[in-house]
Amino acid sequence: MRNLFTYILKQYFFFLFLLLEIIAFSLVLQNNYQRATFLNSTGKVVGSVLNTFSNISGYFSLKQANESLVRENTRLRNQLRDRLVLTDTLSYYHIDSMFRFIGAKVISNTVSHQKNFLMLNKGSLHGIKRDMGVITSDGIVGTVVDVSRNFSRVMSVLHVNNKINAKIKKNNHLGTLEWNGRDYRNGFLTDIPMHVNLDPGDTIITSGNSFIFPEGIMIGTVAEYNKQPNEKFNNALISYSVDYNNVYFVYIIVNLKKNELLNLERMQPNDR
Amino acid sequence: MTGSVLMNIFRFCFLVFLQVLILDNINFGGYVNPYLYVYFILLLPFEVPRWLLLISSFALGLSIDLFNGTLGMHTASSVLMAFLRPAVINSIASRKEFEPGMKPSISDLGFQWFFSYAVILVFIHHLTLFYIEVFRFSDFFITLRRAVFSSLFTLLLVILSQYLFFNPSRKE
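Those sequence lines, one after another, are chains H and U.
No gaps in the numbering here: position 138 of the first sequence is 138 in my numbering, and each next residue is one more.
No gaps in the numbering here: position 117 of the second sequence is 117 in my numbering, and each next residue is one more.
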């Protein structure tokens, strides 16, 4: 036993290295599966630093932010009859629908990793919960995966494991939107049945089949589609409508009837 | 001695904030990103105790990870880089004699020595980092390309800052 100790002491450099690497890799593995604990323990400090910096760097992007807000204002003004009721400066109710929107600012964002996340400056205090959809005025952004009191983390569309129900606007055929981790401007629409024809420029929107996004939120347009004659399902290259490197203000979608829908879905098997 | 410790602590904080707040927002071509924070490990003095070398690299990687939300990735690759640093230093021959008080820099040991030292360690760090991030060996060459381009970018910044802050012209 004493020999073992003297050996370890002599080779302490190697064993310390081994110990630290084991800690690091266990963090990597843990982080790959569960993220919530991490955000809750460190999110406050990290979030406030990022928030401060984003307040400063926000000035550099005011021009783009303004342009995008003006675009959105125009779009909303066109829709404005008596269908929208303003309740707050940050949220409004769509009278005839079941979604509410909460505005938030992006305080950190990446596009260069395989698994990209965004951090928003709104959290559980503002009514954000897990599995809420996040969009900008130009299209979808991602899904909320972690929430702390003041901040929330969003799994970006640019995450290799993020799959989103999508459909082709012109003929309502369904597909799945995926990202392969390479170019942040392009994704793939997979599972397109072989009898469906697509042309470059066709619009891809959300299907509304999941309870996360309402139907008809813009995803992107078809950039390239080569039909393979022998394949039952084909893939199309999509160019995203959102420039993910350039996202400043987002809306978080609250599905007001989500519990009702989930309960209904849970009831079905018992009745059969 | 205390001055050197303070200097390194300052450099640690400066590089972490530079990395997190500015460099992480550079995305050339969507994926080329410099990781200049490893410059801290490169510049630690030769006399630093080896346990301190490992622990400070661990802390460095961990702070970057906390900000990026990529827990473990940067930590693992920084610790590996620190572990290999003494071996790399021993294996590179320098035309100048090692003297006490020398720093690993272009002004003290010459461009050739510093360049090979930085290239080897930065490549080790970036390769580990990018392969841990992908966590699989499919897409081997795409990951390799990402690692190589980012390493070149980091090295460029390392060499530039050597000339900016250490002024090699004063060597005799």
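None of these hints come from the bench; they were simulated from the model.
Just so it is clear, the structure is predicted and the values come from calculations on it, not from any experiment.
It cannot be assumed that every hint is accurate.
[Claimed, not checked] Using C-beta positions, here's what the derived DEER-type ranges look like:
no.	chain 1	residue 1	chain 2	residue 2	range
1	U	A59	H	M98	43 to 53 angstroms
2	H	M194	U	V148	54 to 64 angstroms
3	H	D243	U	L18	20 to 30 angstroms
4	H	K232	U	D139	22 to 32 angstroms
5	H	T221	U	I9	47 to 57 angstroms
6	H	Y12	U	A59	10 to 20 angstroms
7	U	K103	H	N245	47 to 57 angstroms
8	U	V148	H	K257	25 to 35 angstroms
9	H	N3	U	L52	47 to 57 angstroms
Each residue gets a CB set at the ideal place from its N, CA and C atoms; glycine is no exception.
Cross-check of the supplied hints:
The beta-carbon spacing between A59/U and M98/H, approximately 48 angstroms, falls within the hinted interval of 43 to 53 angstroms. With their beta carbons about 39 angstroms apart, M194/H and V148/U fall outside the hinted range of 54 to 64 angstroms. Between D243/H and L18/U, the C-beta spacing of about 25 angstroms keeps the proposed range 20 to 30 angstroms intact. Separated by about 25 angstroms at the C-beta atoms, K232/H and D139/U satisfy the suggested range of 22 to 32 angstroms.
At about 51 angstroms, the beta-carbon gap between T221/H and I9/U stays in the expected band of 47 to 57 angstroms. In this structure the hint that Y12/H and A59/U lie 10 to 20 angstroms apart at CB holds, the actual value being about 18 angstroms. As the Cβ distance of K103/U to N245/H is approximately 38 angstroms, the hint placing it in 47 to 57 angstroms is violated. For V148/U paired with K257/H, a C-beta distance near 51 angstroms fails the hint of 25 to 35 angstroms.
The hinted range of 47 to 57 angstroms is not satisfied by N3/H and L52/U, whose Cβ atoms lie roughly 27 angstroms apart.
Checked against the numbered hints above, the structure violates hints 2, 7, 8 and 9; every other hint is satisfied.
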